[in-house]
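There are 2 protein chains.
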Amino acid sequence: MTTVDSERHPHPVECREWLDGLEEIRAWLVESAATTQVLATAVGLDDIAPWAEDPQTGDLVHPSGHFFRVTGVRVDLPDDPARSWSQPIIDQPEIGILGFLAARVEGRLHVLVQAKAEPGNCNGIQLSPTVQATWSNYTGVHGGSSVPYLSYFATEHEGRSLIDVLQSEQAAWFYQKRNRNMLVMLEDPAEVEVLPGFAWIALEDLYRCLLEADVVNMDARTVLSCLPLHAIGGWVEPEPGTDDRIATAVRRSLHPESVPRVPLVEILSWITHHRSMPGLRGTMVALNSVDDVWVRTPQCIRHVEGRHFEIVGVRVEARGREVGEWRQPMLAPAAEGLAACLAAELDGVLHLLVRIAPSPGYREGVELGPTVQCVPAQSSGVTDAAHYLERVTSAPPEHVLFESVLSEEGGRFLRARTAYRIVEVTDDPPLDLPSGYQWVTLHQMGTLLQHSHYVNVEARTLIAAAHGLAVAREVERA
Amino acid sequence: MTTVDSERHPHPVECREWLDGLEEIRAWLVESAATTQVLATAVGLDDIAPWAEDPQTGDLVHPSGHFFRVTGVRVDLPDDPARSWSQPIIDQPEIGILGFLAARVEGRLHVLVQAKAEPGNCNGIQLSPTVQATWSNYTGVHGGSSVPYLSYFATEHEGRSLIDVLQSEQAAWFYQKRNRNMLVMLEDPAEVEVLPGFAWIALEDLYRCLLEADVVNMDARTVLSCLPLHAIGGWVEPEPGTDDRIATAVRRSLHPESVPRVPLVEILSWITHHRSMPGLRGTMVALNSVDDVWVRTPQCIRHVEGRHFEIVGVRVEARGREVGEWRQPMLAPAAEGLAACLAAELDGVLHLLVRIAPSPGYREGVELGPTVQCVPAQSSGVTDAAHYLERVTSAPPEHVLFESVLSEEGGRFLRARTAYRIVEVTDDPPLDLPSGYQWVTLHQMGTLLQHSHYVNVEARTLIAAAHGLAVAREVERA
Chain A
1 MTTVDSERHP
11 HPVECREWLD
21 GLEEIRAWLV
31 ESAATTQVLA
41 TAVGLDDIAP
51 WAEDPQTGDL
61 VHPSGHFFRV
71 TGVRVDLPDD
81 PARSWSQPII
91 DQPEIGILGF
101 LAARVEGRLH
111 VLVQAKAEPG
121 NCNGIQLSPT
131 VQATWSNYTG
141 VHGGSSVPYL
151 SYFATEHEGR
161 SLIDVLQSEQ
171 AAWFYQKRNR
181 NMLVMLEDPA
191 EVEVLPGFAW
201 IALEDLYRCL
211 LEADVVNMDA
221 RTVLSCLPLH
231 AIGGWVEPEP
241 GTDDRIATAV
251 RRSLHPESVP
261 RVPLVEILSW
271 ITHHRSMPGL
281 RGTMVALNSV
291 DDVWVRTPQC
301 IRHVEGRHFE
311 IVGVRVEARG
321 REVGEWRQPM
331 LAPAAEGLAA
341 CLAAELDGVL
351 HLLVRIAPSP
361 GYREGVELGP
371 TVQCVPAQSS
381 GVTDAAHYLE
391 RVTSAPPEHV
401 LFESVLSEEG
411 GRFLRARTAY
421 RIVEVTDDPP
431 LDLPSGYQWV
441 TLHQMGTLLQ
451 HSHYVNVEAR
461 TLIAAAHGLA
471 VAREVERA
Chain B
1 MTTVDSERHP
11 HPVECREWLD
21 GLEEIRAWLV
31 ESAATTQVLA
41 TAVGLDDIAP
51 WAEDPQTGDL
61 VHPSGHFFRV
71 TGVRVDLPDD
81 PARSWSQPII
91 DQPEIGILGF
101 LAARVEGRLH
111 VLVQAKAEPG
121 NCNGIQLSPT
131 VQATWSNYTG
141 VHGGSSVPYL
151 SYFATEHEGR
161 SLIDVLQSEQ
171 AAWFYQKRNR
181 NMLVMLEDPA
191 EVEVLPGFAW
201 IALEDLYRCL
211 LEADVVNMDA
221 RTVLSCLPLH
231 AIGGWVEPEP
241 GTDDRIATAV
251 RRSLHPESVP
261 RVPLVEILSW
271 ITHHRSMPGL
281 RGTMVALNSV
291 DDVWVRTPQC
301 IRHVEGRHFE
311 IVGVRVEARG
321 REVGEWRQPM
331 LAPAAEGLAA
341 CLAAELDGVL
351 HLLVRIAPSP
361 GYREGVELGP
371 TVQCVPAQSS
381 GVTDAAHYLE
391 RVTSAPPEHV
401 LFESVLSEEG
411 GRFLRARTAY
421 RIVEVTDDPP
431 LDLPSGYQWV
441 TLHQMGTLLQ
451 HSHYVNVEAR
461 TLIAAAHGLA
471 VAREVERA
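Chains as they are written, first to last, in our numbering: chain A, 1 to 478; chain B, 1 to 478.
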């Protein structure tokens, strides 16, 4: 049990329970990697028992019926049947918990992070929420040990949640998956024991870590994006004498009184309009009935042209996790993704350009995504999307407000990485937008993020990055 | 084309385009009934061609594949398999539009209502929104005439929607059905011609009509419930010298600054908790595979004990509608429903007691419903529900703040009626509530109603009734 020293230096370096600044966090991750390892080795899909092919549907299933399965999804476009398609997709109906424990120490919000290894991570260990657990995890189907700190999240509790909302995940890879994003406040951090593999860090430090490649995992980023703006802390108030134009614009964008280019009621109407169109909505189908551009070998399931992704098998050996060894299918993307937002100061307030993003796995057919979300190695064309892709990739470095290559979920995806960028438009931001694009403030996104299924997981990482812009840039300058 | 006379009496009685007060509205409904009639005659399910039984599934389908179909739903309760069940249900994936045109005249919000006849209405004509149309209606699958005023709702428009949100409908009868609830403001009501069967009425008068049995149809009520509170009008401000305690408590409940018993963030967390439980969620199944307590005869599909509802056939003859004659299946409830909320002043603010209501047709598994929602003729037991049922039915008349028997959707349901009640608890409102019950203010409900799938259609009628409490009681006293 730790007691918090409220003296000037509350995080004694010799105690690993409180980490102060990037140096200490980096050192702790290196140290954790020595005790917690997850090694994933490629094996054939015919060699991942007890996972097996369902004889009827061809779906890849676990005999328990738990975890997840690899199945198919079909998208029928009523206005353009020739462009209809089907593809493999992961179905995981269980709602998992992604939860941070948090506490205020000397007025600053701190979160209890976990140094967590996942088989799909390209670098082993990343910072994750305090709890990252599926129903199977915490009801023991896994056959593993119990999940630490779970009782703070899995039972009905009163008035301690700052965040508690279901949010979607990658909808080209997951069929209607969502997780319960939570942040639970402790009155006193000493309420909980800091177990090995866990540490308290300040919220600002977590934002700073976003700038490092593959350090903050996807689950931590999505929870972070839902943080109510009033809780982010004193640094949101303009600091006297600050001369950072972007930090000031970000602070205005977070402020409830700032004037957005388009009122929220109109944003909601625009979303409802697109949700109401009979368009892109996926229907689950048997895996053995998907289009024959998807080829199945004993080794893997892949697109005949090597596009999109492969479904592969892995053997996982773990130390410091619930179970020592297991095998499972994973989804391995064909190439690195790009998720980028244009940003602009409109009347002094930072706005992000978001897009109505349709995808087969969304429960509502569409969610708001970044200006650009694609796999550049596979993109082509002269559409609006291509125009914006050109803008975000050709921007001069001084207009790039945020840039970081980050990992997607390492429990289901094998080495899935996305380059995230926020690029400022300084010369005449486009105001006459194509259908499906809109400028929004961070405060508007914050309101939407209190509710499910408005903002997609890629946009959420960029929202968290935008929240951190004020803080992180100050560090850069220091 | 009407021009609005801004003199003292803007609604000349001789012109039917503006109706002022209940007398004029009643007279207009009687007059409209003479020119618009819909006669529904019972026929056997084997006599509703071109509707027919799908040979594979037993579903009742239209050969066009449009409109709707009668299919089955199965509910698996993981914790209590013995209580799992299946039943017939209506599947209508198309999103319809329920839209009011509105305008301010002399500072008061007015809406353009339609006197609409539906085959299922027990009394022919009821007040409906300006537009009430499914995709099949407005794309002409129906083979009927075009829908008046539709262009104000069906195309992307800018900044004129006060309401634009998808909301669910009866989830024991409809599988995941939702409609687009809209209210579009006109700068000047003279923008539109008032066609026969339409009239402008003041919002206050529409609230007053809620007290009359079977006058305001379900579609009008659901849109009304979503009205942003700031738009309701000057009468929400406390009137100087008012001595109506309830009206004052309602106004406080509508106010953004009023102190709710439970903060919204906690209400959201409570909803998320219940949404996350693997519980009551329906899966569509073939109609011929539902439990054998459902009996199919050439005449109808009914529960062997006469419970719940029947699926019956009707022949409809219409005058003043799109098509002169057609046949269709309808759902006929076995008995009148009851939807009732307990209300209490907590710290001077009116709160309603709402309940987490699970139902097989909800997209999110649960929505917030009234304190009590049941079919009293078929209810029994000693649960919390029975306790509250006793409270709302045994209350003395002076504690009944609102009471009215109203019709449910008359296009799919045959003579479906529900007794709606708001009952005040004056002696020590229960504060230590069973799990799944919570006190909320009207302002909190207003925030939730800007978003989809939080508040069920029965609770929405009661919300609209609660909004009208301040106004309607003044009329009663006058």
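Among the hints, a few may not be true.
Partial selection, computed: residues in chain A whose CB lies under 7 Å from chain B [what the hints assert, rightly or not]:
hint, residue
1, I95
2, S161
3, S269
4, T272
Everything labelled a hint here was simulated from the structure, so no lab data went into it. Where a beta carbon is used, it is the ideal one built from N, C-alpha and C, also for glycine.
Hints violated by the structure (numbers, ascending): Failing hints: none at all.
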